[in-house]
Amino acid sequence: MLNIKNLHAAVEGNAILKGINLNVKAGEVHAIMGPNGSGKSSLASVLAGREAYEVTEGSVDFDGKNLLDMSPEVRAREGLFLAFQYPVEIPGVSNINFLKTAVNEIRAYHGQPPMPAKAFLDMLKAKQKLMEFDANLMNRSLNEGFSGGEKKRNDIFQMAMLEPKLAIMDETDSGLDIDALRVVSAGVNKLRSKDNAFIIITHYQRLLEYIVPDFVHVLYNGRIVKSGTKELALELEEKGYDWLKEDIRLEEPVQ
Amino acid sequence: MSAEQDILQELAGRDYEFGFETQIEMEIAPPGLNEEIIRFISAKKQEPEWLLEWRLKGFQLFQKLKMPEWQNFKLPEVDFQSVSYYAAPKNKVKYNSLDEVDPELLRTFEKLGIPLEEQKMLSGVAVDAVFDSISVATTFKAQLHELGIIFCSFGEAVQEHPELVKKYLGTVVPQSDNIYAALNSAVFSDGSFVYIPKGVRCPMELSTYFRINARNTGQFERTLIIADEGSYVSYLEGCTAPMRDENQLHAAVVELIALDNAEIKYSTVQNWYPGDKDGKGGIYNFVTKRGICKGKNSKISWTQVETGSAITWKYPGVILQGDNSIGEFYSVAVTANKQVADTGTKMVHIGKNTKSRIISKGISAGHGHNTYRGLVKVGPNAANARNFTQCDSLLIGDRCGAHTFPYIESKNNSAMVEHEATTSKIGEDQVFYLNQRGIDNEQAVNMIVNGYAKEVLNQLPMEFAVEAQKLLSITLEGSVG
Numbered sequence: 001m002l003n004i005k006n007l008h009a010a011v012e013g014n015a016i017l018k019g020i021n022l023n024v025k026a027g028e029v030h031a032i033m034g035p036n037g038s039g040k041s042s043l044a045s046v047l048a049g050r051e052a053y054e055v056t057e058g059s060v061d062f063d064g065k066n067l068l069d070m071s072p073e074v075r076a077r078e079g080l081f082l083a084f085q086y087p088v089e090i091p092g093v094s095n096i097n098f099l100k101t102a103v104n105e106i107r108a109y110h111g112q113p114p115m116p117a118k119a120f121l122d123m124l125k126a127k128q129k130l131m132e133f134d135a136n137l138m139n140r141s142l143n144e145g146f147s148g149g150e151k152k153r154n155d156i157f158q159m160a161m162l163e164p165k166l167a168i169m170d171e172t173d174s175g176l177d178i179d180a181l182r183v184v185s186a187g188v189n190k191l192r193s194k195d196n197a198f199i200i201i202t203h204y205q206r207l208l209e210y211i212v213p214d215f216v217h218v219l220y221n222g223r224i225v226k227s228g229t230k231e232l233a234l235e236l237e238e239k240g241y242d243w244l245k246e247d248i249r250l251e252e253p254v255q
Numbered sequence: 256m257s258a259e260q261d262i263l264q265e266l267a268g269r270d271y272e273f274g275f276e277t278q279i280e281m282e283i284a285p286p287g288l289n290e291e292i293i294r295f296i297s298a299k300k301q302e303p304e305w306l307l308e309w310r311l312k313g314f315q316l317f318q319k320l321k322m323p324e325w326q327n328f329k330l331p332e333v334d335f336q337s338v339s340y341y342a343a344p345k346n347k348v349k350y351n352s353l354d355e356v357d358p359e360l361l362r363t364f365e366k367l368g369i370p371l372e373e374q375k376m377l378s379g380v381a382v383d384a385v386f387d388s389i390s391v392a393t394t395f396k397a398q399l400h401e402l403g404i405i406f407c408s409f410g411e412a413v414q415e416h417p418e419l420v421k422k423y424l425g426t427v428v429p430q431s432d433n434i435y436a437a438l439n440s441a442v443f444s445d446g447s448f449v450y451i452p453k454g455v456r457c458p459m460e461l462s463t464y465f466r467i468n469a470r471n472t473g474q475f476e477r478t479l480i481i482a483d484e485g486s487y488v489s490y491l492e493g494c495t496a497p498m499r500d501e502n503q504l505h506a507a508v509v510e511l512i513a514l515d516n517a518e519i520k521y522s523t524v525q526n527w528y529p530g531d532k533d534g535k536g537g538i539y540n541f542v543t544k545r546g547i548c549k550g551k552n553s554k555i556s557w558t559q560v561e562t563g564s565a566i567t568w569k570y571p572g573v574i575l576q577g578d579n580s581i582g583e584f585y586s587v588a589v590t591a592n593k594q595v596a597d598t599g600t601k602m603v604h605i606g607k608n609t610k611s612r613i614i615s616k617g618i619s620a621g622h623g624h625n626t627y628r629g630l631v632k633v634g635p636n637a638a639n640a641r642n643f644t645q646c647d648s649l650l651i652g653d654r655c656g657a658h659t660f661p662y663i664e665s666k667n668n669s670a671m672v673e674h675e676a677t678t679s680k681i682g683e684d685q686v687f688y689l690n691q692r693g694i695d696n697e698q699a700v701n702m703i704v705n706g707y708a709k710e711v712l713n714q715l716p717m718e719f720a721v722e723a724q725k726l727l728s729i730t731l732e733g734s735v736g
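Listed in order, the protein sequences are those of chains U and S.
At the far end of the first sequence sits residue 255, using this note's numbering, and the numbering has no gaps.
At the far end of the second sequence sits residue 736, using this note's numbering, and the numbering has no gaps.
Next up, chain U with everything else stripped away, as it sits in the complex (with noise of 0.2 Å):
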């Protein structure tokens, strides 16, 4: 489903990832695990199309098609969905108006005709009790005054709402309390399925107890510098990150 090669990319001339190779399938799940500044985060914005981040090198293939020529929302047409590190507040902009035209677009761009007001409505209400989502919260304006929790679960709704095919989870568990935290994997799992996929970027194991991971991967410096199955995760929270840049000292040449 999507395959990165040699993926470098930079802000402001900035060289912020430095050569990344990463497939990732129909089915799976992936996490993305690093230190703070190792770049997990701008991968997720690469991915997503944000314009501070230039590509200036590799290729990254989205079911057949090249990711990198497209425009933001073209590749959320495409299926592809960012959950954000910090869901913006837009006042004024309801919820529910906001993801209709949401669902809608992306409607057209597959050439269907908007969805009917009836069904769209009963799709929101199964997709609402799916995610244990607050029905209050529809009527709102689009996170504003929203806790960070809230925020987070609007994010993972929407998700629900708009069935990516690539779902990318930035630091969705920063945030978040224990329950908020068990709501949102519970609703995760709920949408994994052999059609779709995941990468997860988190700081901790934690969330990975719940989203239980196919494969993990360390990112450091711009590059993927481990990667394994879920064990891994737990070997990281174990030692922490140090036992790994000592392991990259010793690889690398100097310089």
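If you are wondering where the hints come from, they were derived from the structure by calculation, not from laboratory data.
For every residue, glycine included, the Cβ atom is placed at its ideal position computed from N, Cα and C.
Keep in mind that a hint or two might mislead.
What the hints assert, rightly or not - Under the rule of at most 30 Å between Cα atoms (straight-line distance), these lysine-lysine pairs were calculated in the BS3-like manner:
no. : chain 1 : residue 1 : chain 2 : residue 2
1   : S       : K666      : S       : K321
2   : S       : K680      : U       : K100
3   : U       : K100      : S       : K709
4   : S       : K601      : S       : K453
5   : U       : K118      : S       : K725
6   : U       : K125      : S       : K601
7   : S       : K551      : S       : K610
8   : U       : K151      : S       : K551
9   : S       : K299      : S       : K319
10  : U       : K226      : U       : K239
11  : S       : K725      : U       : K100
12  : S       : K396      : S       : K422
13  : U       : K65       : U       : K125
14  : S       : K725      : U       : K151
15  : S       : K709      : U       : K151
16  : U       : K118      : S       : K396
17  : U       : K194      : U       : K25
Claimed, not checked - Covered by chain S, per the in silico footprint, the following chain U stretches (three or more residues, Cβ under 8 Å):
no. : stretch
18  : 45 to 53
19  : 86 to 96
20  : 226 to 235
For chain U, the structure is supplied; the task is to place chain S on it using the hints.
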């Protein structure tokens, strides 16, 4: 809305009953401003002597008054002698079919959902089916007449109800108020007159049905609305469709009078031609609008959506004279390209327990400059006066400007005046968030702007609000890369 459509359709199929052209002979006065021309206008309109005297007094004041210098923009030179001050309403046909009309204009009509026949009227195309807006007016007038409501042109009011005109004309906006008000009082062409009798609640939004009529109201409009004790009226002015006009200078005067327990709601959507991308050829809209809550417990509410004109210069205000009276001002002003808007309100608290509320939302894009200028004045007898002002500015891009000049003068210690102001930029983060959900830039900005202006748009009557929403997005089209 659908009732309007039905009636219009019905009328469109009817034979032409009332000649528009034949009622007033075509005539254009030579350019120039002098006593002679004022006498000529007054004679043309067969006005009584007192009104001629009043016009002449206005002209004298105009000659004495100076151009204001406090505005936050460069005031263009206006040569008052080069303007023609009298032209009978024109129904000029410029084109034979819509194919000849500027496609950009048609695209805008399309987006606003304006019916085809109306599109033709607005762009000056010869109309096949006779679309008789005068008889539409007549139909509704009969309905209003039963309730004793007077709704007619200003000229007609002078003929039919001189006692009312004489009693109230110039009582809210004195001729000496400012140079443009003086000019208007000397040469005003026509406008609207409304009188709602005691205890009557006007059953319809006045002027919704007269959109096309409003097209020819000309350069120096004069509107007078009187709501007698315990009455209510909602009046709509303007048009969402882009209005082109050969007259560059527009200087209207609007006066509202609310007596005891009366309420007047006045909504404006202004979309005069803003000029080209460099601001050339745009209209200067210099308007004086003011209402007086003369009676106790009365209320006047101004709502405006200002998207057009090269320069918009207006401060709809309320004089809160009656005890417990309420004044409101809700405004969205958009400036794109080289547009300038210097707008706001004046709330003058005179009576006890008077309240005012000001919600101003400025939106600047391109090289546009948007100024909020407001005055809240509390007199010595206005015990317990309350004001709340919220004044927000939204910037799109980095070449535009927003300015806020709130003035507060309080002479009563029991008054409470609150002012809140914010300035924000449409965040790249917000646009990206919407992009990431499949929504393109244009629509993202549209959503953000409409969300920002929601509090004001909510004040507009329903069908007007929908059009105003579309208008905002069209005005800002292309302002975000």
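Pair hint K709 of chain S and K151 of chain U, alpha-carbon separation not exceeding 30 Å: Holds, because 22 Å separates the two Cα atoms, which is no more than 30 Å.
Cβ contact check, 8 Å cutoff: the stretch 226 to 235 of chain U against chain S, three residues minimum: violated (count 0)
Given hint K100 of chain U paired with K680 of chain S - CA-CA distance at most 30 Å: At roughly 25 Å apart (the allowed maximum being 30 Å), K100 of chain U and K680 of chain S satisfy the hint.
30 Å limit on alpha-carbon distance, applied to hinted pair K226 of chain U and K239 of chain U: holds, 14 Å
Given pair status - K319 of chain S, K299 of chain S, alpha carbons within 30 Å: holds, 26 Å
Given pair status - K709 of chain S, K100 of chain U, alpha carbons within 30 Å: holds, 18 Å
Restraint check for K151 of chain U with K551 of chain S, where alpha carbons must lie at most 30 Å apart: Since the Cα atoms of K151 of chain U and K551 of chain S sit roughly 47 Å apart, the hinted pair is violated (cutoff 30 Å).
Given hint K25 of chain U paired with K194 of chain U - CA-CA distance at most 30 Å: Given that 30 Å is the threshold and the Cα spacing comes to 9 Å, the pair holds.
Proposed proximity, K151 of chain U with K725 of chain S (alpha carbon, max 30 Å): At roughly 29 Å apart (the allowed maximum being 30 Å), K151 of chain U and K725 of chain S satisfy the hint.
Hint consistency between K551 of chain S and K610 of chain S [alpha-carbon to alpha-carbon, up to 30 Å]: Answer holds: K551 of chain S to K610 of chain S is near 12 Å, not above 30 Å.
Outcome, coverage hint (the stretch 45 to 53 of chain U, chain S; C-beta under 8 Å; three residues): holds (count 4)
Given hint K725 of chain S paired with K118 of chain U - CA-CA distance at most 30 Å: Answer holds: K118 of chain U to K725 of chain S is near 25 Å, not above 30 Å.
Going down the numbered hints, you'll see the structure goes against 6, 8, 13, 16 and 20, while the others check out.
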